[in-house]
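Just so you know, the sequences run in chain order G and W.
Going from the first sequence to our numbering is simple: count from 1 and add 21.
Going from the second sequence to our numbering is simple: count from 1 and add 21.
Same chains, same label: a pair holds when it works inside one copy or across any pair of copies.
Calculated cross-link-like contacts (lysine to aspartate or glutamate; reagent style DMTMM-like; alpha-carbon spacing at most 25 Å): (1) K214 to D161; (2) K407 to D571; (3) K679 to D790; (4) K481 to E741; (5) K114 to E206; (6) K290 to E367; (7) K639 to D286.
None of these hints come from the bench; they were simulated from the model.
Here the structure is a predicted model, which is why all the values come from computation and not from measurement.
The residues making up each chain are set out below.
2 protein chains.
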Amino acid sequence: MASKTSSLWRALRSYQIYGANTDVGKTVMSTILCKALVSKSPSENVWYLKPVSTGPLSEADNRHISQFSPETRTHCLYQFDEAVSPHIAARSKPPLPDSDILQNVLQHLKSCAEAGPGVTLLETAGGVHSPTPSGTSQADLYRSLRLPICLVADHKLGGISASISAFESLHFEDSHYQNHAYLREYFEKKDIKTIAIPAPPKRNNNDSEDFEMMAEYYKNMSKHDAVEELLDRLTLKHEKRIENLEDMAGRAHKQIWYPFTQHKDVSEKTILTVDSAYGDFFQTRVREGKEENLLTPTFDGSASWWTQGLGHGNPDLSLAAAYAAGRYGHVMFAGAINEPSLLLAESLLGNMHNPRLQKVFYSDNGSTGMEVAAKMALAASSQRYKYNVAKGEVGILGLKGSYHGDTIGTMDCSEPCIYNEKVHWYQGRGYWFDFPEVKLKKGNWVVESPAGMEAALGSKSEYDSLNDIFDIEARNTSSTAKLYRKYIEATLERLVLQEGKTFGALIMEPVILGAGGMHFVDPLFQHTLVSVVRESSNIFSHGTSYPQSDPNAWTGLPVVFDEVFTGLYRLGRFSAASFVQTHPDISCHAKLLTGGLVPLCTTLASDSIYDAFLSSDKRDALLHGHSYTAHAVGCHVANTSLNVMMDLDQSGEWQPYKDDWGVGHTFESTQSESKSMPGKVEIPVWSSWSKDFIHKISMSKDVDSVIALGSVLAIALHDEHAGYTSSATTGLQERMLEGCTQFNIHSRVLGNVFYLMASQTSKPETLRDIEKLLSEALL
Amino acid sequence: MASKTSSLWRALRSYQIYGANTDVGKTVMSTILCKALVSKSPSENVWYLKPVSTGPLSEADNRHISQFSPETRTHCLYQFDEAVSPHIAARSKPPLPDSDILQNVLQHLKSCAEAGPGVTLLETAGGVHSPTPSGTSQADLYRSLRLPICLVADHKLGGISASISAFESLHFEDSHYQNHAYLREYFEKKDIKTIAIPAPPKRNNNDSEDFEMMAEYYKNMSKHDAVEELLDRLTLKHEKRIENLEDMAGRAHKQIWYPFTQHKDVSEKTILTVDSAYGDFFQTRVREGKEENLLTPTFDGSASWWTQGLGHGNPDLSLAAAYAAGRYGHVMFAGAINEPSLLLAESLLGNMHNPRLQKVFYSDNGSTGMEVAAKMALAASSQRYKYNVAKGEVGILGLKGSYHGDTIGTMDCSEPCIYNEKVHWYQGRGYWFDFPEVKLKKGNWVVESPAGMEAALGSKSEYDSLNDIFDIEARNTSSTAKLYRKYIEATLERLVLQEGKTFGALIMEPVILGAGGMHFVDPLFQHTLVSVVRESSNIFSHGTSYPQSDPNAWTGLPVVFDEVFTGLYRLGRFSAASFVQTHPDISCHAKLLTGGLVPLCTTLASDSIYDAFLSSDKRDALLHGHSYTAHAVGCHVANTSLNVMMDLDQSGEWQPYKDDWGVGHTFESTQSESKSMPGKVEIPVWSSWSKDFIHKISMSKDVDSVIALGSVLAIALHDEHAGYTSSATTGLQERMLEGCTQFNIHSRVLGNVFYLMASQTSKPETLRDIEKLLSEALL
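Okay, chain G solo, but in the shape it has when bound:
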């Protein structure tokens, strides 16, 4: 299990010894520390672990330690005879993946901890970025351990540059040095302790003399004031770290006002303390503090509120953030341009394959991006149709259960619901259609209308596969399509012509309504709704004709797709609009945009929307903008994230998932302007959750229905009071959070819906393990 990576034991203080480079004296420093530890606390165990050693056994580092500090219990996990870098030495051997080394290291630490109070020194190989047997770097192999680090450097010319670079690569927590005032001052500013000790004696090439000299040197050094001070500091650090880990939840409870949280239900005990995160896993504090590992891996089951795409602590994204921070910081965006922001705009416009979208507007999160979208659409339609109603009376068309964010303007785009009902300034502005839902029920894919709507929307129909439901071309001529069209047309006529309501936009989340409860909308219904709205100019304009010569200009009403949750590969494709086979006039993207690192949002719009804001009057402009608009860090991270995800898509990384779900159908491409996607294209419908698993759990007596698409899995449990306030999922959620053997699963629920969201880089074996746990809980 690659996930089990944390190690923090009350009784065992573990430290890693890194070198600023090869041959700076890591082993010498380790020997000094081992001897000092033994003499300081004779009752404690002192362990030395060299996970990977290269070179002849007689010269191995653990041999050296044993010679000069015989009380130290030394151990080496992998020994290669060749005195070369581990990735070369390992070449002729069977592959040795990093996860194997890590698991063995963890196992070793566990056995050290179980043996009673003590200290383990773990000595790495070479420098900070020296390759491991598999070819990644030392820092990447060990960083998820989050052990405090001693960085050893030397006194030679060039030692400063090497040490600082190593520090920047590592950004460690503690260190000691054979070096001088410059580094001491440099690191003091960063609250990092440096110590300098004399160099070991030069060899005389006389083995016994050399041995005596070294023994004498080690004896003196192990009692050196600086070394003693360092040991005290390391012990203090260990205690502080545990203390901090244990009191963070209490301090948070006192000082943090959590989002979307009824604090009456929160106590110090319910708050999850996250020490760090790596890949798909948080490393969290274990609550019941027996004398065991105080940290445990916990699967980030909500993908950190649907943002995670490339895993926590992704080095590519971190480096991208650092690069843009160094090159720009944030640079004022109004009236100016910088490279990352421009490249991101071009990438989004290019890869959406939507000929309508021409312009990109930046903001900070999905909610602000949707306010921008609403402002854009309402201004465009009000201008064209010269709506003559009181301020605030132009509403939007949407779907029941839609939710677009928490700022009040965006809340107004949703019908009254638990999220907004107590917000004094909220006012639902619009009409929200009932819609048929896609569900897997007892092993069958069905499209089901809400209770009471069967006459209007059709009664429950079954499909052979999810693919078939997305075959809009085939379904477009069906009686279902006709029924949908009739229902939508009749509703519009009633609302506008009979009831005199005014509408300015159609706003929807394509395919899956997220926060509203993971409702999977029949794509044919959304497709039909867009078509009917676009053909209904005469209704919205009360009969006046507004012919559009540009085929990409909006007609009827501007169509806004909120892809904040569903877009950018969350459902397996760059854009979720492709599932609905239609092109919105405005499209909003956030969350996965930055791969799970920093906030950023983009609202894409057509020129026909943009043109509505052009005039000689400044007041007609879109007077909206946030200080950090198009901040360079976010844009550069987004470019990196999108490129990595597109590479994953094209490299076949997800092919096993696609194979599991069967090949998608082909259809006549109407949506792609891209030369690389001519004529027929294959649009597979797939999920990283396995097809067998979801069929199996759909049979559970506790389960009402299941959906899975892309990295999303949602399980609706039976509950008489389905909805946000349901408590049907509580038991399942609690069971997943505690007591699993390999790792826990942290989840968020939406009423009776238990959902999990993988990242775009989740390992199949992790997902299969989770499926096993869920199966055990539900079957």
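Based on these hints, arrange chain W on the given structure of chain G.
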């Protein structure tokens, strides 16, 4: 001038040679490149520059180049005889600041460029982080040059780790290597070219033989295929960089929808292309492309929409971003805690010295943070007073010209103005008071009431100094204070008791209303307004009594301070509330919070606000939250930024400014819970803009009035049509943006108000230069 740091010439291709560490063969590689360049384009100049050289002159690197590539024009700016690191070698000499070296390098590059087509190689000293004579690092000294970089590394054991660490420290654009497949693969993924060439021959310690061997080696290497390929690539890179710089504005014009911008007024020519930014300066594209430096420094006069505190490209903030990105990425915040978010909450609560504030709520920007503040306040007052009005009818109290952000709920907190009047869903909800303004007019500090309000608020009064205006203790018993009180009380009675209006909060920006036009409110008026509102429970409750046993509980109405712009040292103090000598119940902070790097916002609230949301019903909770709530990168950057600013405050860095403005008055501390601030404290009122300068320009015939506080300077020009649509400032703005000799000044204007904002680390000499330019333009 530290600001002149950019260098990009069409005819001159300049590259920097860095070493992964000392002694990896930088000079050998430079010699090869020089020879190769000479033989490839004999008509071009080849320059070699070693800015700082240490060691005996006979062994100097430029001597070596001259010997083996005599056609190369070599140059060394600073020679130190000792063969040690430059910061040691320079010890006994007069100080040599980095800026001197940089200016000399730029001067040299300029003369190279003026001599016609050619190439300059600039060889650095030691490794990437080796110290400069002043003790900073090579990378920090040269990075603002933004020259493409060749990183030279060696083939020794440990070379991989050193090279990657150096790369991460540097994050360069181009490189070539004496190294092997591992690095090639590593860098290929990052789209960076690596080449490997054979090592030079070993020395025989026979001078003439060695010379011959090296000459032969250089001759062969300069024609090596890999070197030729590298040269082609470097040339292409140069051309692409210029091409990109020149076409970015056009591409942006086609694809970017700018915030707060009437695009009718935008063309390719008006868009500022920002190549990079460093300190207070953008490096921007020079528009009229003669054969001169294509980049010019441009002062970031809006502090990038008021966000900049610690300068662009600040290395501490960059490293903080990288650290948090590596340790966490973003981790789900609801119900969980991580260290940076907790520490930031504690730091803000601790340093506000406001005993009312107990809880921190996170969001993404000032606008969302103010929506949160409004939701908090309205819910608390509606709950206590059991307001029985239609939804949306509880309004807020504020000041005319207030502006709190662009989301619709926040817009609703402002009276109708240009920003919101065309927003269909905007609806001003509340009442906004007239207020007296502080201005420097013709050399005198005055408090002036709006036209027609003199009877209610007093006629114009003069003060000896700005300090006197802030002496609220003294002014509190004045007739002015009584007048203010009477006006406010009468207004409240009329609004609530006579007109039957309902109010739920008092919301203000303390001291300066920013986006509304840099209006400087008389602090005594804001102080009195808060006092009266707090004493008016009986009015808001229509006579019902709600006694509060907790002295920190809100009374009357919750008081919200929008410190998004004015807080966190923008006006010179941690909190702007201290200027008004009152404690808000809710306080909102963003912009400078993250020092100008990434978006983040915090809304601080009292327990008496928080408690209003506690119940056994989830629906009573504050159901608001953004995906990246309390993202670790932003929080860790904010912690770093706040710590640096507090250090600047305490270290006396701003003392020269304080001295310039005279010592502040002392007053009885009512606001500090801190033990370090007992009894009387001195609260100086000062600006980084000089007192003499603002007095001088206030005398200009074009100037109506001036204000300066902290890093803010605002100059109101005479204009019959004052306000957002005024064009009085256009001429001044354009004059500052073009044609200054040392650097240009980019500014944003607010109608007839021209403002400039320094960062908290602006160099005094930069500000004095700017004052000189402004004086010339205005006097």
